[in-house]
Amino acid sequence: MVQVNISGIMRKTEDSPTVFEVEAKNIRQLLVNLEKHYPEMKPHLDKGVAVSVDGTIYRDNWFQSIQPDSEVYLVPRLAGG
Amino acid sequence: MTHSSDFNAEKASNLKVIGTRPARPDGVDKVTGRARFGADMNLPGQLVGRILRSPHPHAIIKSIDTSAAEALDGVKAVVTRDDFAENPDNHAVLCNVMAREKALYEGHTVAAVAASTATIARKALKLINVDYEPLPHVTDVDAAMQPDAPVLHDTIFTSGVDPVPTIPSNIVARCEFGHGDVEAGFAKADIIVERELKTAATHQGYIEPHACVASVSTDGMSELWCCTQGHFDDRKICAALLGIDVSRLRVTASEIGGGFGGKTTVFIEPVALALSRKAGRPVKIVMSREEVFKASGPTASTSMRVKIGVTNDGRMTACDGEFRLQGGAFEGSPFDSAAMTAFACYDLENVKSVAFDVVVNRPKGAAYRAPGAPMSVYGVESVVDEVALKIGMDPIEFRLKNAVRDGSQSSYGPKFGPNGLVETLEAAKAHPQYKTPLGPNQGRGIASGFWFNYGGETCSNLNINADGTVTLAVGTPDIGGSRASMCMMAAEELGIPYDSVRATVVDTGALGFNEGSYGSRVTYASGLAIINAAQQAITEMCKRASMMWDIPADAVTWEDGYAKPSGANAGEFEPMSLAEIAAIAANTGGPIAGHREHNADSAGISFGTHIVDTEVDPETGRVDVLRYTVIQDAGKAIHPDYVEGQFQGGAVQGIGWALNEEYIYGDDGKLQNAGFLDYRVPVASDLPMIDTVIVEVPNPGHPYGVRGVGETGIVPPLAAVANSVSAAAGVRLSELPMSPPRVLKAMDDAKQAAE
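Listed in order, the protein sequences are those of chains A and B. If you want our numbering, it's the 1-based position in the first sequence plus 28. Numbering follows our numbering, with no gaps: position 86 of the second sequence is 72.
Simulated from the structure, these hints should not be mistaken for laboratory data. Using N, Cα and C, we set each Cβ at its ideal position, and we do this for glycine too. There could be a bad hint or two in this list.
Listed next, the in silico BS3-like pairs over lysine-lysine satisfying Cα-Cα at most 27 Å (straight line) [said to hold, decoys possible]:
| no. | chain 1 | residue 1 | chain 2 | residue 2 |
| --- | --- | --- | --- | --- |
| 1 | A | LYS70 | B | LYS222 |
| 2 | A | LYS53 | B | LYS401 |
| 3 | B | LYS184 | A | LYS75 |
| 4 | B | LYS293 | A | LYS40 |
| 5 | B | LYS401 | A | LYS75 |
| 6 | B | LYS293 | B | LYS88 |
| 7 | A | LYS40 | B | LYS184 |
| 8 | A | LYS70 | A | LYS40 |
| 9 | A | LYS75 | B | LYS293 |
Cβ pair distances, simulated, as ranges [unchecked claim]:
| no. | chain 1 | residue 1 | chain 2 | residue 2 | range |
| --- | --- | --- | --- | --- | --- |
| 10 | B | HIS77 | A | THR46 | 23 to 33 Å |
| 11 | B | ARG391 | A | ASP97 | 13 to 23 Å |
| 12 | B | HIS77 | A | LYS70 | 17 to 27 Å |
| 13 | B | ARG234 | A | LYS70 | 28 to 38 Å |
| 14 | B | LYS2 | A | ASP97 | 39 to 49 Å |
| 15 | A | GLU42 | B | GLY425 | 48 to 58 Å |
| 16 | B | GLN132 | A | THR46 | 52 to 62 Å |
Could you build all of it, start to finish, from the sequences and the hints given here?
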């Protein structure tokens, strides 16, 4: 199981959970299983998120591998100016 | 072949071309006027396009009658909202490009004409009859958040809160980042400082106004020439808004006279295409400076609250911030990145950062270097300065005590890898400016800042020419010297002189998709593609040499521009140069090229620290910048001149933001200063030479260690200048810009309070 930390617009209240657990060996599996097990996340996932894996932020790379002990955060999709 | 992007310490320590300062390839064209910018493109039979803009900040558009304009001799086309189909996927861009039910800001496009002359076009605009129903407006971010504020969109129900509101408002979204328990952290603090601060909306201030020429053929094939930071992005959005297949629209980027984020979206381009399609002739639109101010994409204005607790020995125990950003009339202010970057310089146990995205009756904001970060970092670094002062600690020592390092958890979540914040602070402490004595009415300010940097979708080609020269095709417009950097990286890999390589920014028909030149990504992502493309070409050239020598391809190595047998066992052959291999390419298999397509993900984060000395005139409140030094981690500077230029440019734009630049709205909701006479950007005579120090802590995700450098330089200056002016004036200033009247009032108020 991978521990997924959420933040930003997905952290809605002081008391809302910030860590979720899903089975995932890569980013695609992570996103699919988050949507499956936590359907309340779907609107945010559909709008687009980036995934930070061990400190590197991936915007689109579905097949980036994730280890069970990886540090994983869902973060906004940022680019810059 | 494999494409490793890992840092290669041995390679990085033996670079021959990287780190030198060759002449820029675009220099002669730009100083002689030969370079063609957006407005320099012309086509036979071209019409003049002009835009009718709303005089109201907020109004229902009840009807638009274009019949009189269309009947005017010389008018070839008029377009309105009826010429653009609904587009749910790009609704905000569509509504910004051409108003639909409502005009949402003064200057919002309502209609456009194409005519044979500018005079006729202007006359036609006056003949368009728009029936408006004016509505109450709001332009201030705090006022727009009030429950009784005029609501711009009845479709906005604040997201990021639970439960979701049942009534619409101007608050698009709330976001929150952080970890730990800030209340517990504040309980451990010896000193707590909390402040409310504000920053004004500013414009990127690029010298070249938006300009484009569109030409749509009767068979639907379409061409667009424009000044842009991302012509592939322009193609994508224009094709979507006009209902054109992507393959039938070719976009060419002109030379660009500044963008800084403001040319990462479209304003006039879809309008020109719609006019051309209707008129059957090419149409050119060039914005005036007033239009640029009123109807392109300035950055957000902000209000914020920042609270920081520290122990007497200088350890930060808790940080808490709330940041409110208006992004104009549509969602999309950089509120999330403001929240994420605010406390990013500090290794914190307890931190909470909340931000709001708010809409107001102003033009839709666009990106501006490190969007959101300069404002939130201004708030945080102002309070950091104040707490350091209160405990009597040197501001650099205070920052060093709390700075993030390799492995620190960032304030927005993930752990940081290797980074150069500490190195920039150490370099600041050692810099001569930091020891220079200050005179009366003078002050010194320090601030640090952070930006993520970005990689993204990129595609580049490298072609070996028959004469031994090399041409590069890149899809990212050159906004900061990237053509020179690309040539240097190709020359480094191939082992040939810089002068043998030339790079061209090619049109959208010549390469696969490239994201635009933003996010400090080009030298990193396009450069990495060029490095990989060169390595692919080298593999092919080694193969061609092996054919000539009749030995296996893997028995050939590449060294300093030559294919060589890899050892005695491979045989005794005279090395073949790149030029020799290129000359016989037709006989050995045909043209030799390399290409690389990737979605680059390992752009290294970047930190910087700025030192600024200012003097305040106690009679007038005028601020003079006496000395300024930018210290920033570049990972590895490819062409140090350009890196220093990015540092200096960021500092200068930040100085303008801090001291003078400001969108000023009247009670009527109209912009009062839409011109460079009243919107005061710094000019050379206002400034000292901006000194620079390049720190190089390698990015582990690039073979040479490159990090993006384009944006971090604008993050610290707002706070650095504010800290300096506050020290010089003897009173803390908490609102930007620190224009003379505001500085004078702050000093007078402080004097009266003391009395």
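These are the hints, each one checked on the structure:
Between A/LYS70 and B/LYS222 the CA atoms are separated by roughly 26 Å; this keeps the pair inside 27 Å, and the hint holds. Restraint check for A/LYS53 and B/LYS401: satisfied, since their Cα atoms lie roughly 20 Å apart, inside the 27 Å limit. The hinted pair formed by B/LYS184 and A/LYS75 fails the criterion: a straight-line CA distance of about 30 Å is larger than 27 Å. Restraint check: the Cα-Cα separation between B/LYS293 and A/LYS40 comes to about 21 Å, which is no more than 27 Å; the hinted pair holds.
Distance check on the hinted pair: B/LYS401 and A/LYS75 sit about 25 Å apart at the alpha-carbon level, within 27 Å; holds. As the CA atoms of B/LYS293 and B/LYS88 are separated by approximately 40 Å, the hinted pair breaks the 27 Å bound. Our distance criterion of 27 Å between C-alpha atoms is met by A/LYS40 and B/LYS184, whose separation comes to about 26 Å. About 14 Å separates the Cα atoms of A/LYS70 and A/LYS40, which keeps this hinted pair within 27 Å; it holds.
This hinted pair does not check out: A/LYS75 and B/LYS293 have alpha carbons roughly 32 Å apart, beyond 27 Å. B/HIS77 and A/THR46 have their C-beta atoms about 31 Å apart, which keeps the hinted 23 to 33 Å range intact. A beta carbon spacing of about 22 Å between B/ARG391 and A/ASP97 agrees with the range 13 to 23 Å that was offered as a hint. At roughly 20 Å, the beta carbons of B/HIS77 and A/LYS70 sit within the given window of 17 to 27 Å.
Distance hint check: the CB atoms of B/ARG234 and A/LYS70 are about 35 Å apart, consistent with the given range 28 to 38 Å. Between B/LYS2 and A/ASP97 the Cβ separation comes to about 41 Å, which falls inside the hinted range of 39 to 49 Å. In this structure, A/GLU42 and B/GLY425 meet the distance hint of 48 to 58 Å, their C-beta atoms being roughly 50 Å apart. Distance hint check for B/GLN132 and A/THR46: the Cβ-Cβ separation is about 30 Å, which falls outside the suggested range of 52 to 62 Å.
Of the numbered hints stated above, those contradicted by the structure are hints 3, 6, 9, 16, listed in ascending order.
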